[in-house]
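Visitor: Protein chains in written order, with my numbering: chain A, 5 to 448; chain B, 5 to 472.
No incorrect hints appear here.
Here chain A is said to cover these stretches of chain B; the calculated rule only asks that three of the stretch's residues, wherever they fall, bring their Cβ under 8 Å from a Cβ of chain A:
{"no.": "1", "segment": "158-164"}
{"no.": "2", "segment": "382-390"}
Some chain B residues close to chain A (C-beta under 7 Å, calculated; not the full set):
{"no.": "3", "residue": "A100"}
{"no.": "4", "residue": "S153"}
{"no.": "5", "residue": "G171"}
{"no.": "6", "residue": "D272"}
{"no.": "7", "residue": "F306"}
Bear in mind the hints are in silico, worked out from the structure with no lab data behind them. Keep in mind the model is a prediction, meaning the values are calculated, not measured. Ideal Cβ positions, reconstructed from N, Cα and C, are used throughout, including at glycine.
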Amino acid sequence: MMRLSLIVPLLLSLLAPVHAQVAGTDRIESVTLANGMTLLVWPDPDIPNVALYNWVRVGSRNEVPGITGLAHFFEHMMFNGTRTRAPGEFDRVLEAAGASNNASTSNDVTIYKDWFPRSALELVFDLEADRLRNLAFDPKVIESERGVVYSERRLSVDDSSFGRLMEQVQATAFVAHPYTNPTIGWPSDIEGWTVDDLKTFFATHYAPNNCTMILVGDVEPKQVFALARKYFEGIPRQEPPPPIRTKEPEQSGERRVVIDAEAQTPLLQFAYHGVAGTDARVPALELLLRILTDGDASRLRRSLVEDQKIAISADSYLDAGFDPGLVWLFLTLPSQGDLAQAEKAFDREIERIVANGVTAAELNRARNQVIADFWRELATIDGKADLLGSFAVMKGGHQKLADAPRAYEQVTAEDIRKLATDLLRPTNRTVGVLRPAAEEKETP
Amino acid sequence: MSARHRWIAALMTMVAATLSAQAADSGVKVPPYERVVLDNGAVLLLMERHDVPLIAVRAAVRGGAAIDPDDQAGMSSVLANLLEKGAGKRDATEFASTLASVGGVLSATAQTESIVVSGSFLSRDHALMTELLADVLQRPQLTQAQFDSVRDRQIEYLRAAKDSELGTLSGLYGRAALFAGHPYGKPAVGSEKGLAAVTHAALVQHYRQQFGADRLIVSVVGDFKTSAMKQSLSRAFSGWHKAGAPLAAIPVQPRASGRRVLLVDAPDSVQSYFWAGNVGVARSFAERAPLDVVNTLFGGRFTSMLNSELRIRTGLTYGASSRFDRPSQPGSWALSSFTQTATTLEAIDLAFAVLDRLHSQPLDAALLASGKAYVQGQFPLAYETADQWAAALADLEFYTLDRSYIDGYAAALGAVSDADAQKMIRERFPASDDVTLVVIGQAAAIRDGLRKYGPVTEMKLSDPVFGL
Chain A
5 MMRLSLIVPL
15 LLSLLAPVHA
25 QVAGTDRIES
35 VTLANGMTLL
45 VWPDPDIPNV
55 ALYNWVRVGS
65 RNEVPGITGL
75 AHFFEHMMFN
85 GTRTRAPGEF
95 DRVLEAAGAS
105 NNASTSNDVT
115 IYKDWFPRSA
125 LELVFDLEAD
135 RLRNLAFDPK
145 VIESERGVVY
155 SERRLSVDDS
165 SFGRLMEQVQ
175 ATAFVAHPYT
185 NPTIGWPSDI
195 EGWTVDDLKT
205 FFATHYAPNN
215 CTMILVGDVE
225 PKQVFALARK
235 YFEGIPRQEP
245 PPPIRTKEPE
255 QSGERRVVID
265 AEAQTPLLQF
275 AYHGVAGTDA
285 RVPALELLLR
295 ILTDGDASRL
305 RRSLVEDQKI
315 AISADSYLDA
325 GFDPGLVWLF
335 LTLPSQGDLA
345 QAEKAFDREI
355 ERIVANGVTA
365 AELNRARNQV
375 IADFWRELAT
385 IDGKADLLGS
395 FAVMKGGHQK
405 LADAPRAYEQ
415 VTAEDIRKLA
425 TDLLRPTNRT
435 VGVLRPAAEE
445 KETP
Chain B
5 MSARHRWIAA
15 LMTMVAATLS
25 AQAADSGVKV
35 PPYERVVLDN
45 GAVLLLMERH
55 DVPLIAVRAA
65 VRGGAAIDPD
75 DQAGMSSVLA
85 NLLEKGAGKR
95 DATEFASTLA
105 SVGGVLSATA
115 QTESIVVSGS
125 FLSRDHALMT
135 ELLADVLQRP
145 QLTQAQFDSV
155 RDRQIEYLRA
165 AKDSELGTLS
175 GLYGRAALFA
185 GHPYGKPAVG
195 SEKGLAAVTH
205 AALVQHYRQQ
215 FGADRLIVSV
225 VGDFKTSAMK
235 QSLSRAFSGW
245 HKAGAPLAAI
255 PVQPRASGRR
265 VLLVDAPDSV
275 QSYFWAGNVG
285 VARSFAERAP
295 LDVVNTLFGG
305 RFTSMLNSEL
315 RIRTGLTYGA
325 SSRFDRPSQP
335 GSWALSSFTQ
345 TATTLEAIDL
355 AFAVLDRLHS
365 QPLDAALLAS
375 GKAYVQGQFP
385 LAYETADQWA
395 AALADLEFYT
405 LDRSYIDGYA
415 AALGAVSDAD
425 AQKMIRERFP
435 ASDDVTLVVI
445 GQAAAIRDGL
455 RKYGPVTEMK
465 LSDPVFGL
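Looking at chain A on its own, in the form it has when it is part of the complex (with noise of 0.2 Å):
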């Protein structure tokens, strides 16, 4: 929970664009270990708990065709057992100490995380540098861990026409670049793993010079930085991985991406080649997809939605990782919708933008709603630790966290336009079309 002196900006912000900054954050205290792990911790003992995330750099982006996947399956094999430990141990022993895990892979990162009463502290930090030593890989259960990834793609993408779809954009929107991997994997990717992959895998990118540690709750640094010392700096580091030379060429034409699927509601998803997370322009960006799809009140929801009833939904996502990535606007349309007229509105309403820009009551609309937002991520120990290690990792360091409401506040309509001119361009789109079977057999 935030105390009086972080939010008081907010309130500030919100009354005229001040400069305003994020208060407690002078708390945070970071550590680098001998061995290149980094540490950052924010004090917040509002709650006898702890959110502890543990940003490894490593995703699908580390991939190349045969291992797709690869990230997220080590994801699940790292609670599979140490050399010490049984699989299984990990789990059994952190929630018998009153402690719940998860972790979640991305394009660009992998992050483990833990939320747990103060007195485990230690515990969890024995457990953490155990399965980073000393991992081991029991064939057994790589097998089994398999059928549960492959029944995790099955949910969220073979069974979900918005999945389906989405995946196929991502692949198509980029050639060269791996962002094109699924970060589930391709389904023969995932029948194919084998041990020897994921030995690779943990020797190449599981080194704690590659992992940034958060924690954020009833901690005191200092405690925490002797554990980390006690229990990770024995770690050795390791080479770096090998660097991502690959750049997305520039897109010179429209792609498009058709999928014919025995479904009822049609959908379409437009993917714009965007910007890296430490891109200068994100702010702008968030505010302009702000603008687009956030409430009742914007752009598309709006036009497509409420008034022209063309859509039943309009939504936005921002892939912003270590490389230029994409720019999603959603739209699902009613059973009966018309493909090609809700494609021809939204583009108009993206013109509409280009042309004219943004008003100002549009924009002091979004930046309230995007500062508001970022106030309530930060109520929570587990949303401080999210955006603190984002910040860290993916936005050009964590020093950045406290400047974010100033960020949004300098942004004018034109850096809008700018953007919106930039960036919203047919040619550097790519297109998905989801078309229910039953639509297709009507159309002559």
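With the hints as your guide, set chain B onto chain A.
Guide: Same frame as chain A, now just chain B:
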């Protein structure tokens, strides 16, 4: 982003919603708050928290999907969504702009027994918050045009969910089957058929009869002065009339005996999504501490018996879990999971075998201790924010519970004995022979196999209802 076990998040939400965990050792006590009852019956709950200049609000109007007309499932859901589409002097566009311009949040949803409006505002916008909330509840415009578009869109949302979110649907079919003909069988989101039958006139009439001050609980938590907030809310709500009709009582649904199967044919799915349950307990159930511990061990955490077998040991699924819904009368207990079509029977057999094992083998003492520690350790995370406290206070009031429901829970949990746990297993967890089983999947591939579980009734995923 792809996650290891997304269902954990769902479980944490459930814990928050059911206030079901240990408190005292974790430092969780209900902070002081004031309860005010207006002459017209409206209840105001006010808790100051000055750590941040934000105010969380939660208003619950008793009723909800349970009182939807039988042939119009989803009326409350349409009504909830319509509340935001124009209220007081603001039409839908102005309302949305006003809200967004201050970075505020206010949204209404229909739940089984209430319509809930929840919001979050900066404390400096407290007057606007009260105005918008009062407008939404007392002066919604409920225009025909907005009604048409909201209702039609909700029908389309259900169709879209059938294309993209099969994993979320099995519980809807499950509760509709288990509570057929009972108010708890009506899906809060409605059904395509029910929604299509809702008319504007019927909805307006429903609002008049079922909305009113005597149904209202308003809970506000955050940075305000109680005296001023009390005055402002009292002024805003004291003039509201009472609901035009009495609130229908919800009968107790007896537990079902024997096993029956509902097969929902999803011919293009590659997995089967299954749910098996029976009638469980009410919110007021006194022995919830041992019940929570047992459910945590059975299907409420990652190393639960169910997830250990279906996911960790066999790799049949991405997740398997169990949960109690605890409304004012006994709700459902159910286990649920999913697996590829070819292993449907294997996974269901295994889930039933785990349930049988719960009944036949005593719980290990270390495991029981682990379950208690887990529930306790996670508990404070459910009481971290003003929003969470606003929801907690509203729930205490809604279900007529006092603060000992939270404050006294630690002691109850600490006292859970093996005998208590065994009693819960015996009395509150159904035998695998006594469950309603719902399977969404490829009927052609699994129809014959499912017959071994009991009489099979079949419907199509594309049917416009969730139950027969």
